[in-house]
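There are 2 protein chains.
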Amino acid sequence: MSLDNPTKPHEALAAHLEGDLADVNTLIRARMASKHAPRIPEVTAHLVEAGGKRLRPMLTLAAARLCGYAGAYHIHLAATVEFIHTATLLHDDVVDESEQRRGRPTANLLWDNQSSVLVGDYLFARSFQLMTETGNMRVLEILSNASATIAEGEVLQLTAAQDLATTEEIYLQVVRGKTAALFSAACEVGGVIAAADPAQIQALYDYGDALGVAFQIVDDLLDYSGDATATGKNIGDDFRERKLTLPVIKAVAKAAADERAFWTRTIQKGRQDDGDLDEALRLLAKHGAMEETRAEALAWSSKAKEALDPLPDHPIKTMLRDIADYVVARIS
Amino acid sequence: MSLDNPTKPHEALAAHLEGDLADVNTLIRARMASKHAPRIPEVTAHLVEAGGKRLRPMLTLAAARLCGYAGAYHIHLAATVEFIHTATLLHDDVVDESEQRRGRPTANLLWDNQSSVLVGDYLFARSFQLMTETGNMRVLEILSNASATIAEGEVLQLTAAQDLATTEEIYLQVVRGKTAALFSAACEVGGVIAAADPAQIQALYDYGDALGVAFQIVDDLLDYSGDATATGKNIGDDFRERKLTLPVIKAVAKAAADERAFWTRTIQKGRQDDGDLDEALRLLAKHGAMEETRAEALAWSSKAKEALDPLPDHPIKTMLRDIADYVVARIS
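Residue numbers (the working numbering), protein chains in the order written: chain A, 1 to 332; chain B, 333 to 664.
To be clear, the hints were calculated from the coordinates, so they are not data collected in a lab.
All of these numbers come straight from a predicted model, not from anything done at the bench.
In this text, a Cβ means the ideal position worked out from N, Cα and C, and glycines have one as well.
Mixed in with the good hints, there may be bad ones.
[Stated by the list, open to error] Selected chain B positions facing chain A (Cβ under 7 Å, derived; list incomplete):
no.: 1; residue: 460
no.: 2; residue: 464
no.: 3; residue: 469
no.: 4; residue: 472
no.: 5; residue: 479
no.: 6; residue: 484
no.: 7; residue: 491
no.: 8; residue: 493
no.: 9; residue: 500
no.: 10; residue: 504
no.: 11; residue: 609
no.: 12; residue: 613
[What the hints assert, rightly or not] Just so you have them, the derived chain B footprint on chain A, three or more residues with Cβ under 8 Å:
no.: 13; stretch: 54-62
no.: 14; stretch: 89-98
no.: 15; stretch: 112-118
no.: 16; stretch: 121-131
no.: 17; stretch: 137-144
no.: 18; stretch: 260-267
[Said to hold, decoys possible] Derived, one-sided and incomplete: chain A residues facing chain B with beta-carbon distance under 7 Å:
no.: 19; residue: 148
no.: 20; residue: 151
no.: 21; residue: 155
no.: 22; residue: 173
no.: 23; residue: 200
no.: 24; residue: 237
no.: 25; residue: 279
no.: 26; residue: 302
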């Protein structure tokens, strides 16, 4: 992939923010070092340099630049956001007992759960050091609130995931926590550090929130319909892990008695046999659950684009709009 | 135990700080709530209300009061410190695969590792929210630095624990990280929020640092010599978990070839048989490792008391001195 000839919206944004992104990468490398414990940079590098898209830190940089920021702290904030994201990935993989992430073995598999838990804690602490260096109290409030919302969403998912009583409302709370909270905070702090006016800061928050929700719904939809090569995930991972995501919640809501018994056995009780995934896919199709989920993702993407209206005209504004389209392009 | 007739130094301090401590407990209970995820207060309450001594938050309250603080933010800071401590306990028990803490089953045993990891993350985030509310940037620096030092110490312990090449210097780094960093930060932020002069803030830091080191050395010594009923731990837990603590580091340094082979087999390779703990205890006694470790703990306790010199005369100063004595009383 060459950034000189970007073909995808996030690549176009990366090319536009090239200098800032280089500074973020330098800062990340400096702050993931540890004088005493070399295990820390080893584990962190495995994840941070695995070729993630840096979408979240780019949102911070984009928001700050879009609002005319000319200082240097958007670099700190972007690195903060990437550290929080990396820490949550390390802990998520322990919680989910995952073995693959971005097509490579997870840190908990290559090292151990202990390293993933403690290095994640280290990155959380580092992220708080970085944000503190900005000296901006509003930014600290936003990012510490987002961290609490993320953790709360993860705990809620843990207890709600296998419970057939989980509603779309609870699903949305989980998604807001585990995904959208960091997207919205990443955008909002870019506006705050640029001292943008309140309506613009709110617009950035709303954009990030809707983009994050769309992003997660697409992810959950692709788990039942995607191309394993393109997504790096296998079809049905969520089904096997008994995670009650939006497509299944919709199918359960319309389930006849025998269908309900099927979901109770496979998701709630976790007794799965050969052919159960095919049956799940058949029920999702029968009740139009895939199509309805797809429509919701598209609606959130539209909401994200509309949220941008109060922001000034700027090449970055167009790119953010394109990213909102791109997030749902995989299901369009 | 009645606080009306305190017999131990930390009880005397608790009695002196009774009103403040009640406020801290109220704030802790309010902030461990979660609207969406009831699992969070369940897990937190199991640990926070298990009858810990609240030593760390008391140090914050004591430091602030000793320096004449008349505001309300020492309550926030004390709750912050207790949340950081609770979060590290939850994660430690996952990392160590512990089954008992304070004489009760651990959260990872009662619920699961997932809950312990994620509720720990939630409490970390809550602690950052609490400290942010004080609006004091210096306090945020100190506590975010301490959090990073704690996590770094834990990772260092993970890699150094079973390595016979671990020196007393590395041991001290681990102890400073996993224990002393929070003691010193707890004391220091009390002085900072009270706007004490720099020499007094340094004195509080030095007291907390030395107290924390003494506390951990005593803990490691009692693991080989204590009374299981009094400590809530079994003799030899560290040996069985292959943790290279100060007594063993001292014995390894003086080991003859056959003794070195014994430590290599039992600690580094983890092949332990019946009678090995007795042999370990014999070697620790033979080389005076227990006595030397005890002398070091006493020296750190003295250092803690001397550190208090620049602080104003005050009943709390005497109580802090008594606590430094009390920490080593169990081995005197």
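Comparing the hints with the structure gives:
no., hint, verdict
1, 460, "holds (4 Å)"
2, 464, "holds (5 Å)"
3, 469, "holds (6 Å)"
4, 472, "holds (5 Å)"
5, 479, "holds (4 Å)"
6, 484, "holds (5 Å)"
7, 491, "holds (5 Å)"
8, 493, "violated (10 Å)"
9, 500, "violated (15 Å)"
10, 504, "violated (11 Å)"
11, 609, "violated (24 Å)"
12, 613, "violated (28 Å)"
13, 54-62, "violated (count 0)"
14, 89-98, "holds (count 3)"
15, 112-118, "holds (count 5)"
16, 121-131, "holds (count 7)"
17, 137-144, "holds (count 4)"
18, 260-267, "violated (count 0)"
19, 148, "holds (4 Å)"
20, 151, "holds (4 Å)"
21, 155, "holds (4 Å)"
22, 173, "holds (6 Å)"
23, 200, "violated (23 Å)"
24, 237, "violated (17 Å)"
25, 279, "violated (28 Å)"
26, 302, "violated (27 Å)"
In summary, the structure is inconsistent with hints 8, 9, 10, 11, 12, 13, 18, 23, 24, 25, 26 from the numbered list given earlier, while agreeing with the others.
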